Amino acid sequence: MSYANPQRKSLPWIHGWFWITLLAFGSMLFLALQFVWKEVAASAKLQSFRAAPVVANAPEFAALDLAAWLNQHASKKATQDWLDVHLILRSPYIHSQIQTLLTLPSDELPDEKWRKEAFDMREQGALVGWMTQPELLKKFIDENRGLIDRLYSLCEDEELVYLPLLSNGTRTLLPDILDSSTYQLIFLACEQAIREQDSVAVGRCIQTLERLHTKFHYPVYGIARWSTLTNMWWYAAIHKALDAEYIDRADRQALLKRLLDASDPIEETLRTGLVSRWQKSEEQAEQVWKGEKPWQQTDFPSVRWNKWSEDKATWRNAIWNEPTDFGWAAAWEDYRDSVVVRLAILEYVDRNQKTPESLSQLTSIGLTERDWTTQWKRPYTTEKGNVPFKYERSSNGQSAGLYLHRHDSLHFPPEIPLQSKVEFGVESNAAKNSSDPKP
Amino acid sequence: MNRTTIDRALLWKEVRQVAPLVWTVLLFGLAICLLIVLAETASPTSGKMEVPPIPFLAIPMIFATGVGILLVGNEKDQRTLTWLRSLPIPPGRIAALKFLVAVGSLGFVWLASILLWWIVRSAVGPGVTETKWNWVGEYSSLVLIYPMVSLFLTFSGLAMAWRTSSSVVALLSLVPISIALWLVSALIAKVANHYQWDLAGQADWDLGGSSPWIYLMVIAAGTLAAFAYGWRASLLHLRPQDGPRQTVFRLGASIADSAAVDSSSLLWPSQPRTSALLWQSAYQNRWIWIGLAAILAFTVWLTVQIPTDFGGGAPASDYIEPVVQIGFVLLLLAVCWLGVFAYQSDNMNERIRFLSDRGVSPNRVWWTRHWIPVLILIGVALIRYVLRPYHSYGSDQLPQVVVYDFFRFLAIGIAIYAASQWIGQSLRSPIIATVVAPLGVLALFIYGVFAHAMFEAPYWLVGSASFLLLVATWFQTKPWMDRAFGWKYYLIHGGFLLTAMILPLLPGIWKLASIPRMPADIRESLSDLARQPLDAKKFAWDGVHSDFGFYSPSQMFMVATAFASNEESRKQRLEDLKSSKGIRVYDWDSLRRNLDFYLSALIASRHAIEIDATPETQANYRRTIEGLLALVKTLRDHERLLWQDGSEVIEIALLGECRNEATRQSMSEPLYRSVVQLLSDNTTRDMCRRRSLARALESGQSSQTKRFATWLGDYYLADNGRGSMVSQAHQRNLPEEVATRLWQLLQKDAGSAEHERREIAQSLQQDSLQSDIVGSLITIARLGYLPGAHWRGAWEREARALPPFNSTSISTNTVGGPNQ
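Going line by line, the protein sequences match chains F and X. Residue 274 in this note's numbering sits at position 274 of the first sequence, with consecutive numbering throughout. Residue 648 in this note's numbering sits at position 648 of the second sequence, with consecutive numbering throughout.
Just chain X, with the same shape it has in the complex (with noise of 0.2 Å):
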């Protein structure tokens, strides 16, 4: 072999080793790219969204922090750092080839991420050239400083995985110095700031108490520094070193000091196998456990005082401080590294092979492996139940609310702890599953997320579906210890992920298909009536005078002049009223305004007769309720929903006047009898109100804001309430759910259908009291808000009802309510 070729192989070697972490981390990076356009696709508002660069810049970060620990990590945790030692190479070029590939693939995966950020942005956002970051400007040390702290972050990892004999001591040991470097750049920055020094940008921009050129030139300083040491290292570790100096005179003496120390081991008294098993546990993990205990105690003392409610009064200035930022994120990675070491401590040089070896029962291993773990979550959430009530404000402080607290608490500990756990189990590299565990998890809270926001999933069932995966661990421990690592290894893994997604996805589901469906024939009737010509001849307006509108003044000069146009408005509209013109309306507003004005005339022709009841004032009782009768015509006429209510509201206060004996004399019998056909006319009435809900219907459904609110015809239903799919499902819904009701309504009989007209108010959260009869009351209320108000209102069966011109009884017996 030439030397091309050894490099070559050498160089294939290591790519091998860092490319499941490369899939691994890209794969994450799908996934966020696949949240993002699923978001925007189910957000009620559509339009351009800002994508952030966060989550983009976070992948290779991710992936510098496992890349070098992994080049070296692996070659001890499979042993063939001997044999790399063994090879006739001189250990420079090892080392040389090793830090190729670190820095190659992570040009690669950061290449690859801001490819991803661009299509994303291309998709849904703005597009990454009309940004709104200026990166070259404003975040220019930014720009500098992500790249720069992923070479130290992979510097670092390779230096330490020399120097320690477990990668996975290495990984966390990352931790520290990084925290170590950003104090140093912090204290710098102090210190310039004390002394006045004129350091580039300090006063700029805040990076967690650094500014971020200082931050910048101690992360450079650090990243050569890592680079020199884990050179240094490289060299030491690879270069050729001697064979055993034991010589074969000492051969014996060895052998016997094994033995000694084995026929001890044999004295011990046995031991009860959960003891020894959880002996083990506990032994190989001390360490790890008190590290993480540790850090979970003090991140929870940092976190204790954030407010369950952030608008509930507390100092919000206390709980935005970049130190509790990063004690949120420890405490999710020391939750998400306890559930890894559960099994990848045993995974380490395949050390669960000898408790398989010799037949233990998986149950038992698989209880030992969680009953410390556990016991340090309900500790660390003790102690949080211990500092709440000193650190929280309002009702967080209540002695219930912190129980309640620390139960919540643990609750979410534990699902954390089961997700990592669990994805400590499916990936047999400590490295790339103590890096991929803190993705998993977040990727799972963000699905979490995404199905109680999109499918109202309850919180409960979200984090019940993660006990799930405590179970596939439990189901799996035993393929798990024998190293079956098959495809239906992973099957089985997969079917238990799968299971605990679609879990809190039934509900909504459910929901979903629950929808109420418009019947066939119900469709095709309304289709049909909507689908019938309009005659523009029946309304169109000859009449010419200004718009109805009343207003008053803002000047003082013009009060009169205000007072007289007024008055000139009225005049107009009592005369288009008693020459049955009709009546001109443009919107919903003035619509209301105009049945105002002319009820209330009604009512005052009437008062007029009560008080003098001459032929004149009795003329215009009779000239309005004539006028009135053409406008209840002109309202069916338009075909328009909510013009077809107002006729109905004329309609009650014609009933009113027809149901009293002492003005019903003033009107004459031919207008009476005109006033009782038209209102026990329940056919001509339903035709109308039919062909009305058809165009409603139809016009909702070409409403172009349909996204945003659901309507039926005039009439707004609904905002689209909380957002979800299944929400806005329901939203699309309604206006087809609200015409079936009030089809089916029309099926009924007056008076019979109260508890319907009830539930279709109800339903639409509009149930104040309409225009009717009640009890023996005539209530006219204002237009308001609730389509068909009056369809089979008990006025209707009054209206047959109503007694021939002379008679003098009128029928109050058959409506219930209040007596008089």
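The following block holds chain F by itself, in its conformation from the complex (with noise of 0.2 Å):
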């Protein structure tokens, strides 16, 4: 026992806590520093990702000011009449006539029923009003004949139409010059053309409906969809025609190029919607930080970035492997198909003077199995499979039916009804080739 070295020291649990404090605070340091390092990362793959945008990759995102990707690839030199036209269409008049042209008998919301009951409506005869009030239609396309002769001068060409807009990122307003009523009109056009047995017409009008895609054809999002829209009436007009004999070989051979060679409107939607993600995914940042909107856990760069690679990869998968998870786009690849099929039939007869025994023998006219087959999956259930076309050849190849519809898609619309199976002999085909359309 000694009292002569009153040495301070410490209790020895004291360094017990004094470690334990070092490797708390020290852990919530090395933490923050870890947070702020990768978050200062994550800013830089934004700004660098911003700066120069994967343009070979993804070519919409030269179209993020859209106004200025206007001024550079669109001509002005029609856009006044442009305007001009769509003023006239604008009319309640108009509108209300055509919606009346297109009455369906039902008013039903546009529910599974209505839907249902449409589609069985079509299958057993036309009841849309533009076909049992033929004279109403004669009446309205004759007194709209100066429209139509204008919008046939205006899709004359192909060269894209530059609209005023002002750009304001996602919210940037399409003019709504991309109106129903247009291509409705020109398919109306079309009907009285086929009834009037004027094939000159009939081409302006499958024309017009092509350049109505082509001519707004912007890499934006709204665009997409319209350019599915405006494709449905142009391919149910090519139906018509086709119906009534009014394309001869060579545009039937020009028209199925055409559209093999035509982009996918289902993925430029989607990849349109991708980058409508990424600028809308900006615009909530710089709200942030102008301090107009509330911060929020998935505004982190890093959780940006995150978020936009996720999407890369889940948007991708969804563009190849299931197209048809979009209700529309099942309408449309079935309408598209139908069409590239029907030429396709029509030209393997033309060459070989017979009907292909199968579907598959089309890939000598250059289509791919994707053509007549399509990976469906019905919206809001599980159920999905491969559906192809219902094809039926007779024993001794003279003659082979093409069932349209391949699957009982509730996304057609129901105003333009199709037969649901076109017939294909050698015979006719080749006594057709042989004459000019008919006049």
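FYI, nobody ran anything at the bench for these hints, they're computed from the structure. Errors might be hidden in some of the hints.
[What the hints assert, rightly or not] No farther apart than 20 Å at their CA atoms in a straight line, the calculated lysine to aspartate or glutamate pairs in the EDC-like style are these: (1) F:LYS354 to F:ASP248; (2) X:LYS578 to X:GLU616; (3) X:LYS478 to X:GLU610; (4) X:LYS571 to X:GLU616; (5) X:LYS748 to X:ASP521; (6) F:LYS139 to X:GLU567; (7) F:LYS280 to X:ASP767; (8) X:LYS571 to F:ASP142; (9) F:LYS138 to X:GLU568; (10) F:LYS138 to X:GLU567; (11) X:LYS511 to F:GLU292; (12) F:LYS139 to X:GLU568; (13) F:LYS77 to X:GLU661; (14) F:LYS215 to F:ASP248; (15) F:LYS421 to F:GLU392; (16) F:LYS290 to X:GLU759; (17) F:LYS77 to X:GLU610; (18) F:LYS293 to X:ASP767; (19) F:LYS290 to X:GLU456.
Predicted, not measured: the structure shown is a model, and the values here were computed from it.
With the hints as a guide, dock the two chains, each given alone in a separate frame, to form the complex.
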């Protein structure tokens, strides 16, 4: 026992607390530094992506400023004419008359029941207003002949049309020139031309419907949707013209080539949608930075980068694996493929003087399996599968039948009924080729 | 003193002991009432608010938790137990009085609580009598359960306070006892279900795994047991006890033993002050800290799965389990008590005086009290950090988000700790502090939500404000050690609390103060204009025909009828236009459709000339323009902002016709001059604009729907956004703000106010392309959602520069934009 050396010495356990404290605060410091470092790195990644988007893989990024893109790529030659034509089409009178002619015998809400009924009616026969009231159709088309001719002349070239708009990021509004009345009017004009046996007018209608898509083919999300819709009316018009045998072989070949070469609006929609999501995320970050929006956990640069990477992966996956998850995409694909397969069979018959044994023989025309088969999935269900077109061939190979509806897609526009089955015959085809189209 | 006098004196003593707790919980109840009334007053949606009974049920429950312990614990802490034992009063009487005061005060708090609920419901809700809660029917078991639970807590507290040396330990022991009781009832219910015993109501209603009737029976049994145990313990501890057994002959030995102990302590090596203080703090709190750390670790594990975003796709059913809810409550309680015991363990038996008397530095005392609790919080946050990646979903799982979650959890934990340690230092009684701390923290949390929701206080500021309470206790440690609990002590603590509460409100107050006001001269001018009477004759309609409307038929046989009806409507409208009768519109959409129709007719008549310029087509074109000229004047006469904007759309369309050299010739010179005169007359147009603006502002102010949305005349400006007071004040001011900007816009020249126009559009989030001249293009957009959309547009300048009738040049070089 010593009193001589009253050495100041901490209790042994205090060292334990010291080390625990050091460890706790050290861990916190480490986490904080690591956090900041990773956020700075993610921010740099976003910055570099923003500065130089992968234009090679996603040209849509070039159109983030749509007004600037239009200034560079579109022609202003006919813009005022387009604006004027649209002003006429905006008339509630024209709009209502078109809708009257497209009337179906039901005014229920567009629910499943309604769509099913419309589908059944299509099978039974034509009940849409423009088919049951041909004299009204004629009257309306005659009355608007000047307007229709103006649309024909505006669609004589393939130049992109400049439209004035204000660039406002994802909120950039496209002028409402892209209205359904435009393509519906031309489709009705096509139908009237078929009735009047005016093959020239039919050809102009088909060309105009095609150009309505190409002349406003901007790389933005909304336009891709417009393309899908105009395409469906275009395909319907082609079917009608083929039914009436108003398209000669040369035009059929040209059409088939254009259809096979055309970009896929579903993929475009997905791609432009992805860009739109990126743009939205950027705008949100800017709003947070300006204090216009409360900050959220998802606004961390690292989370945004991660989300963007995930989006890329999932959307690419959606493009290649499950394109028909989108209801309207199923309808579009049905229509597009039905036209392509029909044109290809006709071409096959012309070349070989016999109908193909199976649709797989259409590969010789340039089709792939994807053109007559679709990966189909019923919306909101797990039901899915590969569905080819139903094709029947006579035993001697001289005739065949193609069912145009691959499955009971509920997204067909019922206002444009098509026959459910088209017939092909070697003799009739040969005879057809030897003569000019009907006057 | 006779027996009655003694009883009265004892009763008074007991009442005084429980009074602080009564006032505290009732104060809490009043705070709840105040918040409910505030929330109802500030809410943008008026109406009868359903006031939930739960907060008012919680008041007696909280009181019950503390009252039994307080009645006994105070005797122990203030060392009056020996005095009580020495009184010539039977122990049974003292015990009976304590039980009587406990039950009586509990009943009083129950009554007060129900009364408060009744008052609040009558004030802001449908009233108790109109309530949808059918207490006697559907929730009859609850009506019995809550009072029974409160009685159980009271008796258990009393019993545990006798059996434990520390009243705080008695208080904490109520947590496992209550959980044990609940587990027993759940177990009985499970067994009953297993054997399919018919126990009343077991299948009706689930109370965390137990049926209400089983729970009620278990609670009743527990209450009886607690009462019996408490009564026995009271008699045992209150009976007269023997004096010290040591005799005078043993006294010397005792002193010698004490000296030996003292001398051995003197032989210890001297300690650094920090080390000693930390040891003292750790030693006296060790069991409390170990217990709380264990509860924290357990509850962190329980609650770690709860996603940040409940809509994030995680399976929600996993988190709504009662166990997780209990976990949350325990987590909050544990952090609160961690804060409370930072000071209360030194309050017990006035231990802090020992340090105070020896001149120990208050700063050193302050941080040695917080050292280990803060370390516990960091440790718990680290446990969450480790567990989180394995128990979260979606973006919550990302490493960076997990780190962020760690810091957020720690910040919230420290904020709660800061508030509760402040309560711990502010209140002298450990029991009251322990009971009040969770309530205080809850009240501050609700206040934080209020500050965020109503004053748009950012979260970080709400959290940071609570750190002021840590500064408060640091500042007040010296008077606390000196036990200087005077008015100055409480005033300073109150000052810190007030500062912490006001701080988050400052940004919102600043925003409220900086809302732009309408200048007095503009207000006066607009009021003068609004007071001028409208000439109703100007827009009297003498035409007779059906409403302007096209429709699609619902039946096939009506296709032809509808087709013909549409043609007839078109014919009537065209006749109206060409005879300059004007326009009949009755709502926003009708005006828009009419304008679309007439502008379509204008372009179509021009196209007809371009195709075939016959006298007939030219006359038709002229009549259409004449009709539109008349229409502009009619629309202006209505003095409605939307109508005025509609007239300007027609003017822009007419400007397009005047610029078109080819069709200008078809117009004829007098008509062209009339159109040019109309278009270049800015003075008349501006006067009409100002009048329509004044009327719009006046009608917006008298709108009955302004509480939900903001209107300027026929224009819907915005909804009430976040619903905060700041947002609502801004929305209420929005019509005046927009009117001021529009008024000021009219003081500028056409073409030089593009920036201001864009600002107005952006402030209303209506920045789409409007009708105007863009480059050399005439754009006619649909009549939109932006008031004054065409004011001081490029078209006005272009209209003034229109050439004479015979000129062949059109000036377009003054307008910027894309080149043709």
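Is the Cα-Cα distance between LYS511 (chain X) and GLU292 (chain F) 20 Å or less? holds, 13 Å
* Holds or violated: are the alpha carbons of LYS571 (chain X) and ASP142 (chain F) at most 20 Å from each other? -> Judged against 20 Å, a Cα distance of about 17 Å means the pair holds.
message = Check whether the Cα positions of LYS138 (chain F) and GLU567 (chain X) lie no farther apart than 20 Å.
response = OK: LYS138 (chain F) and GLU567 (chain X) at ~15 Å, within 20 Å.
Just to be careful, I want the Cα atoms of LYS578 (chain X) and GLU616 (chain X) compared with a cutoff of 20 Å; is the pair within it? holds, 14 Å
Straight-line alpha-carbon gap LYS138 (chain F) to GLU568 (chain X), limit 20 Å: holds, 18 Å
Pairwise hint evaluation, GLU661 (chain X) against LYS77 (chain F), where the allowed Cα distance is 20 Å at most: OK: LYS77 (chain F) and GLU661 (chain X) at ~17 Å, within 20 Å.
Could you grab the alpha-carbon distance between LYS290 (chain F) and GLU759 (chain X) and see if it respects the 20 Å cut-off? With Cα atoms ~16 Å apart, LYS290 (chain F) and GLU759 (chain X) stay inside 20 Å; holds.
Taking 20 Å as the top limit, are the C-alpha atoms of LYS421 (chain F) and GLU392 (chain F) close enough? holds, 10 Å
Run the distance test for LYS139 (chain F) versus GLU567 (chain X): straight-line Cα separation, threshold 20 Å. holds, 11 Å
key: 20 Å limit on alpha-carbon distance, applied to hinted pair LYS478 (chain X) and GLU610 (chain X)   = violated, 96 Å
Q | Satisfaction of hint between ASP521 (chain X) and LYS748 (chain X), Cα-Cα up to 20 Å | A | holds, 17 Å
| request: Measure nothing beyond the straight line between the CA atoms of LYS215 (chain F) and ASP248 (chain F); if it is 20 Å or shorter, mark the hint as holding. | output: violated, 25 Å
Hints 3 and 14, counting from the list given before, are not met by this structure.
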